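Turn these sequences into a full structure, and let the hints guide you.
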Amino acid sequence: MSAKIKKYPGHPLKSAEVREGKVLTSRWKPKAKYMWSAGVAMSRFLNELKKGKIVGTKCNKCGRIMVPPRVFCEQCFKSTDKWTYVKDTGTVNTYSVSFIAGDASRIKEPIIVAIIDLDGASPGMGIQHKISEINWKEVKFGMKVKAVWRPPEERKGTITDIKYFKPI
Amino acid sequence: MLGKKRVAIVGAGLTLFRRNLKETGKELCYGATKMALDSAGLTLKDIDSVAFGSAPDAFDGIHMKGENMVDGSGAWRKPFSRVFVGGGTGVFTADAGWWHVASGLFDTCLVVAEEKMSSCYPHPAYAFTTIFDPMMSRPLGTTLIWIFALEMHRYMHRHGIKKEQIALVSVKNKKNALDHPCAQLAANITVEDVLNSEIMCWPVQRLDISPTSDGAAALVLASEDVAKKITDNPVWIDGVGWCIDSTYWTNRDLYYPDYVEYAARMAYKMAGIKNPPKEIDVAEPYDPFDYKELHHMEGLLLCKKGEAPKLTAEGVTQRDGDLPINPSGGLLGVGNPIAAAGLMKVCEIFWQLRGEAGKRQVPGDPRTGLAQAWGDLMQYGSVIVLRR
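Order-wise, the sequence lines are chains A and B. First residue of the first sequence? That's 12 in this note's numbering, and the numbers climb one at a time after it. First residue of the second sequence? That's 254 in this note's numbering, and the numbers climb one at a time after it.
Derived from the structure by calculation, the hints contain no laboratory data. Predicted, not measured: the structure shown is a model, and the values here were computed from it. Wrong hints could be hidden among the right ones.
Just a few of them, taken from the derived set where beta-carbon distance is under 10 Å, the chain B residues facing chain A [said to hold, decoys possible]:
1) Lys275
2) Lys287
3) Tyr379
4) Thr382
5) Met389
6) Ile398
7) Leu403
8) His406
9) Gln437
10) Val444
11) Glu451
12) Cys454
13) Ala469
14) Thr500
15) Tyr508
Far from chain B by the CB rule (all over 12 Å, computed), these chain A residues [stated by the list, open to error]:
16) Tyr19
17) Pro41
18) Lys62
19) Thr100
Every residue, glycine too, gets a C-beta built ideally from N, C-alpha and C.
Take a look at the structure:
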């Protein structure tokens with residue numbers, strides 16, 4: 012069939028036709044706003060960030076110390092057993108370097124994005140964050156990094172209470 | 254075979270894939286669905302049910318867009334359901350159509366997948382920023398390319414893979430797409446072109462990525478007894494599989510897609526496939542990025558972990574190679590209207606196994622093929638195995 016069909020449906024538009032208003036369109040901008048409850052586990056996690064600490068939860072069945080913390084272990088499917096602090100140091104599991112913003116526009120200073128496996132958590136328990144105070148070409152897999160915290164009075168109980176991680 | 258009834262594909266349809274098509278989503282659905290029905294010599298009266306797939310509503314800006322598309326999908330006064338598993342939707346919609354018929358509930362089922370990403374401006378990438386966790390990811394300004402670049406880099410690091418090895422996938426697929434009449438980004442490019450293209454999010458560059466697109470695809474499925482009355486040339490759905498991993502994506506090693514392997518094993522078991530590289534004649538793994546084709550070849554057990562770049566360099570995955578991969582041109586070449594792109598891959602395998610793929614036809618009279626899609630937070634795989 013594919014070989015026999017001469018014409019496939021679809022009328023391509025040129026970007027100039029759209030830009031110059033030669034195509035009839037209708038526009039709308041969503042006005043909905045959202046406010047999420049942080050939930051049971053994340054409320055504690057975010058409050059600890061305010062104090063300059065990173066907390067995880069432990070499941071006594073599989074033994075995993077998990078970050079971000081959860082009130083249940085998704086593998087053993089039981090409640091987690093205790094809160095446990097992990098360190099604010101870790102190693103770079105993987106990283107990427109962004110030259111574009113969310114709307115695909117270019118940004119001037121590249122952002123170094125990383126998954127950081129935190130010391131004191133189970134192996135491979137990483138969190139996503141940014142790396143700074145280093146040229147992006149110098150970043151290495153397995154590099155040791157440490158959290159750079161906002162001053163206590165500026166902390167709001169969000170993941171950005173850690174400004175970024177820096178090499179140590 | 255697992256189901257109560259064996260299920261065949263008896264028709265397929267596809268629209269052009271383009272950055273911006275004049276048609277609305279439902280008009281695109283109509284184009285693909287009508288073509289699929291015509292190719293099977295059927296009308297809407299012959300159809301018992303409709304399985305529909307489309308990815309985030311945020312692209313179309315129409316909440317619950319499944320309902321918006323029903324009239325174009327041939328679902329007027331019929332049992333209709335929409336499935337949605339992110340980028341994995343296209344192949345999963347075919348899987349969903351399979352269970353409609355395999356269960357014995359329906360003799361025929363239309364499978365329709367649509368995406369119209371151009372409605373979201375200035376760039377549909379912005380709609381993707383709403384998929385992330387509100388506490389851990391969004392405050393950091395996370396984008397989709399950031400996280401895929403994290404995965405690509407981890408894969409490269411674990412196996413010592415170079416960018417020029419990965420770029421060969423983009424070169425191959427965009428070239429294959431030169432023979433696809435619906436293709437959006439078909440081109441003759443070189444490895445150097447890829448390596449010199451604009452850096453989006455290192456290690457991802459412009460030519461490592463598939464475009465955003467508008468498009469639709471459709472299939473007609475029928476139970477064995479009905480299929481044999483419709484055509485002398487049915488293509489059988491002999492295996493389906495799907496699997497999801499944890500949403501805690503920073504707690505997994507991204508170098509290998511375990512969930513794709515689980516989905517593949519489910520489909521292979523159903524199809525009685527013991528040695529995938531030997532038994533699969535042609536495959537369409539999901540390739541929204543060039544590294545994903547390699548990542549998925551490994552997850553689908555078509556080669557060993559870390560071996561896909563070597564097979565690519567040796568030409569094994571070319572159309573005339575021992576294991577042709579993405580002979581359509583894939584998402585990198587044909588385009589990536591998300592759900593429609595996944596179903597385009599199933600259409601391609603259908604045409605390849607019927608010997609109807611024209612200039613794209615792989616040699617050697619292929620009898621068994623596979624299509625796969627991938628999505629959500631780097632956590633979902635859907636697989637379908639087809640046989641002539």
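Each hint tested on the structure:
For B/Lys275, the interface hint holds, the least distance from its beta-carbon to any beta-carbon of chain A being 4 Å, beneath 10 Å. Interface hint at B/Lys287: satisfied, since its Cβ lies 8 Å from the closest Cβ of chain A, which is below the 10 Å cut-off. Taken as an interface hint, B/Tyr379 checks out: its beta carbon lies about 5 Å from the nearest beta carbon of chain A, inside 10 Å. Because the smallest distance between the Cβ of B/Thr382 and any Cβ of chain A comes to about 5 Å, under 10 Å, the interface hint for this residue holds.
With 10 Å as the threshold, the beta carbon of B/Met389 comes within range of chain A, its nearest partner Cβ sitting at about 6 Å, so the hint holds. Using the Cβ-Cβ criterion of 10 Å, the hint placing B/Ile398 at the interface with chain A is satisfied: the shortest such distance is roughly 7 Å. Among the interface hints, the one on B/Leu403 holds; its C-beta lies about 5 Å from the nearest C-beta in chain A, closer than the 10 Å criterion. The restraint placing B/His406 at the interface with chain A holds, with a minimum CB-CB distance near 5 Å, inside the 10 Å limit.
The closest approach between the C-beta of B/Gln437 and any C-beta of chain A is roughly 9 Å, which is under the 10 Å cut-off, so the hint is satisfied. With 10 Å as the threshold, the beta carbon of B/Val444 stays out of range of chain A, its nearest partner Cβ sitting at about 21 Å, so the hint is violated. Taking 10 Å as the C-beta cut-off, the interface hint given for B/Glu451 holds, the closest approach to chain A being about 8 Å. Hint on B/Cys454 holds. Least Cβ distance to chain A is approximately 4 Å, under the 10 Å limit.
Below 10 Å, beta-carbon pairs count as interface contacts, and B/Ala469 has one with chain A at about 8 Å; its hint therefore holds. Because the closest C-beta pair between B/Thr500 and chain A is about 9 Å apart, less than 10 Å, the hint holds. For B/Tyr508, the interface hint holds, since its Cβ comes within 10 Å of a Cβ in chain A; the closest pair sits about 8 Å apart. Listed as outside the interface, A/Tyr19 is inconsistent with that label: its C-beta sits roughly 5 Å from the nearest C-beta of chain B, within the 12 Å cut-off.
Some Cβ of chain B comes within 12 Å of the Cβ of A/Pro41; the nearest lies about 7 Å off, and the non-interface call is violated. Remark: the non-interface label on A/Lys62 is consistent with the geometry, its nearest Cβ contact in chain B lying 17 Å away (cut-off 12 Å). Here A/Thr100 stays apart from chain B, with its beta-carbon at least about 16 Å from theirs, past the 12 Å limit.
Hint compliance for this structure: hints 10, 16, 17 are broken, all remaining hints hold.
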